[in-house]
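What follows is each chain in one-letter form.
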Amino acid sequence: MLEDDTHIGELVAPYVLGALEPDEVERVEIHLIDCAECQAMVEAERRVADLLPYLADPIPVPARARRNLMNRFRTPAPQTLADAIDTRSRVVTLVTRLGWVAAMTAAVFALFLGWNSTRMQDQVSKKNSEINVLTQNQQTIAQFVSSPNGFVTSLENTGVASGAQGGVILNPTRNAALLVVEGLPKPPTGHSYVVWMVRGNEHVNAGILPVDSQGRGTLYITPREALASFDGILVTEETGTQVSNPSGTRMLAAHVGN
Amino acid sequence: MDADRRDPPDGELVRRMSEGDVSALEELYSRYARAVYSFAVRIVGDGLVAEEILQEAFTRAWQQSGRFELARGSFASWLLSITHNLAIDELRRRQRRPQRASTVDITDVLRGEVDVSADVEEAAEMSELRALIRAAMDQLPAPQQRVIELAYFEGLTQREISATLNEPLGTVKTRMRLAMQKLKDFLGTEEGARH
Chain A
1 MLEDDTHIGE LVAPYVLGAL EPDEVERVEI HLIDCAECQA MVEAERRVAD LLPYLADPIP
61 VPARARRNLM NRFRTPAPQT LADAIDTRSR VVTLVTRLGW VAAMTAAVFA LFLGWNSTRM
121 QDQVSKKNSE INVLTQNQQT IAQFVSSPNG FVTSLENTGV ASGAQGGVIL NPTRNAALLV
181 VEGLPKPPTG HSYVVWMVRG NEHVNAGILP VDSQGRGTLY ITPREALASF DGILVTEETG
241 TQVSNPSGTR MLAAHVGN
Chain B
1 MDADRRDPPD GELVRRMSEG DVSALEELYS RYARAVYSFA VRIVGDGLVA EEILQEAFTR
61 AWQQSGRFEL ARGSFASWLL SITHNLAIDE LRRRQRRPQR ASTVDITDVL RGEVDVSADV
121 EEAAEMSELR ALIRAAMDQL PAPQQRVIEL AYFEGLTQRE ISATLNEPLG TVKTRMRLAM
181 QKLKDFLGTE EGARH
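Just so you know, the protein sequences line up as chains A and B, in that order.
Using the numbering used here, the first residue of the first sequence is number 1, and each one after it goes up by one.
Using the numbering used here, the first residue of the second sequence is number 1, and each one after it goes up by one.
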């Protein structure tokens with residue numbers, strides 16, 4: 001509802017916070033087209049909203065995120081039609097200059113040698129890279145598990161899902177934990193498994209545990225607070241994802257205290 | 001709140017990015033990846049999903065850099081606004097279908113290397129902004145803080161907040177309006193005192 005016939009005062013705060021219903025957003029935006037006064041109000045409140053992201057506790061960024069992003073941009077761009085025409089005209093000029101017979105013979109020979117050599121190199125490097133990946137994966141898991149303060153703990157089945165089992169690998173040095181489960185039934189439509197970090201009577205929502213058709217799921221947990229400050233992990237089945245306290249069925253639980 | 005004091009300024013890097021300069025993108029990433037990632041984690045509560053949002057936010061910034069206008073706000077605000085939209089969309093998508101969108105190599109996750117450049121580049125200016133907005137939020141009564149958090153970090157509309165808190169819609173509207181007014185007054189005073 002507009003504040004009065006001419007301005008949108010009451011709607012400015014929820015508008016910049018993204019808390020209006022779609023029909024209200026539309027009305028505000030139509031009004032803003034011609035109202036400099038309300039545009040100024042929106043700008044002033046937007047400057048406040050622009051600072052809200054900084055309320056988030058700073059978290060170190062995983063190095064792989066930069067690699068993955070930059071890989072998107074460093075792959076060779078597909079050749080445009082103009083580039084192709086340009087390249088083609090340069091090739092034609094070269095062939096004319098050297099004599100087409102000599103050029104074609106040399107090119108075919110070079111291609112054969114190149115292809116043969118590349119094929120062998122590809123096979124060798126493929127094998128080497130497979131071995132490297134296996135070795136690195138093994139080292140990574142070993143390093144994570146063998147961290148000086150790290151440990152593995154099992155998730156206790158509460159008896160609701162008889163086949164469910166799993167464990168948690170904790171690495172306090174990186175303040176991270178990896179929860180792995182299997183045998184959990186797919187949650188009913190509209191339900192989801194929520195993982196909680198438990199400290200006494202306090203429960204902190206650590207995220208949704210996605211479960212595949214085989215009942216397997218993993219969740220990498222990076223709590224905002226120190227891992228060591230929690231004494232347990234709980235998995236519950238909830239009807240919403242943004243619940244602030246567990247109210248659904250308790251499926252699995254682990255003790256992670258000292 | 002002027003984040004364009006560095007050398008080269010953000011505006012110049014955005015211009016270079018719009019001309020296809022990947023090194024400009026990487027410089028901006030070093031400056032703002034941590035703020036974007038932390039913000040995304042705060043909203044979606046999942047580090048892996050936040051990583052996808054981080055990459056998507058910078059990809060969109062790259063794609064839309066030609067449309068960025070420094071006169072309308074800082075690059076950081078623009079980038080964080082893109083991040084906010086992506087993260088809230090993700091939150092709503094997960095409410096409809098709570099499954100992770102893509103698979104990841106778990107050993108890569110376990111490797112857990114931290115991007116040191118992104119940490120180093122996070123300027124003192126960011127810490128200053130963080131301290132400023134925290135101080136502003138701290139002076140609000142808890143119920144007013146709560147409506148701001150539910151709206152901004154959980155993507156709830158006023159009606160949904162009213163239902164979540166079991167409070168009348170009018171009360172929610174009043175709290176939100178008063179909260180934003182107090183934040184604006186506090187930040188205006190602080191900003192004035194800093195200049």
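Just so you know, these hints were derived from the structure itself, not from any lab.
Cβ coordinates follow ideal geometry from the N, Cα and C atoms, glycine included.
A couple of the hints might just be wrong.
To be verified - Below, a list of computed lysine to aspartate or glutamate pairs in the DMTMM-like style, where the Cα atoms sit at most 20 Å apart: (1) B:K184 with A:D231; (2) B:K182 with B:E149; (3) B:K182 with A:E43; (4) A:K186 with A:D212; (5) A:K186 with A:E156; (6) B:K184 with A:E37; (7) B:K182 with A:E10.
Stated by the list, open to error - A few chain A residues facing chain B, derived, Cβ under 7 Å: (8) P14; (9) L32; (10) I33; (11) C35; (12) A36; (13) P53; (14) V61; (15) F151.
Stated by the list, open to error - Pairwise CB distance ranges (calculated): (16) B:V22 with A:G232: 21 to 27 Å; (17) B:T171 with A:D34: 29 to 35 Å; (18) A:T153 with B:V114: 43 to 49 Å.
How the hints compare with the structure:
A threshold of 20 Å between alpha carbons decides the hint, and for K184 of chain B with D231 of chain A the separation of about 40 Å lies outside it, so the pair is violated. Of the supplied pair hints, the one linking K182 of chain B and E149 of chain B holds, its CA atoms being roughly 15 Å apart against a limit of 20 Å. Our distance criterion of 20 Å between C-alpha atoms is met by K182 of chain B and E43 of chain A, whose separation comes to about 16 Å. With a C-alpha separation of about 7 Å, the suggested pairing of K186 of chain A with D212 of chain A holds against the 20 Å cut-off.
Distance restraint check for K186 of chain A and E156 of chain A: the Cα-Cα separation of roughly 19 Å lies within the 20 Å cut-off, and the hinted pair is therefore satisfied. Taking the CA atoms of K184 of chain B and E37 of chain A, the gap is about 17 Å. The hint holds against a cut of 20 Å. For the given pair, K182 of chain B sits about 15 Å from E10 of chain A by alpha-carbon distance, which is consistent with the 20 Å threshold. Look at P14 of chain A: its Cβ gets to within about 5 Å of chain B, closer than 7 Å, so that hint holds up.
Proximity of L32 of chain A to chain B is violated relative to the hint, the smallest CB-CB distance being about 14 Å (cut-off 7 Å). This hint is violated: I33 of chain A has a C-beta 16 Å from the nearest C-beta of chain B, more than the 7 Å allowed. Against a cut-off of 7 Å between C-beta atoms, the interface hint on C35 of chain A is violated, since the closest Cβ of chain B lies about 17 Å away. A least Cβ separation of about 15 Å between A36 of chain A and chain B goes past the 7 Å threshold, and the interface hint is therefore violated.
Hint status for P53 of chain A relative to chain B: holds, with the closest Cβ pair at about 4 Å, below 7 Å. Checking V61 of chain A against chain B by beta carbon gives a least distance of about 4 Å; that is within 7 Å, so the hint holds. Below 7 Å, beta-carbon pairs count as interface contacts, and F151 of chain A has none with chain B, the closest being about 14 Å; its hint is therefore violated. Roughly 46 Å separates the CB atoms of V22 of chain B and G232 of chain A, a value that falls outside the hinted 21 to 27 Å.
As the Cβ distance of T171 of chain B to D34 of chain A is approximately 32 Å, the hint placing it in 29 to 35 Å holds. Hint check: T153 of chain A to V114 of chain B, Cβ distance near 25 Å, so the stated range 43 to 49 Å is violated.
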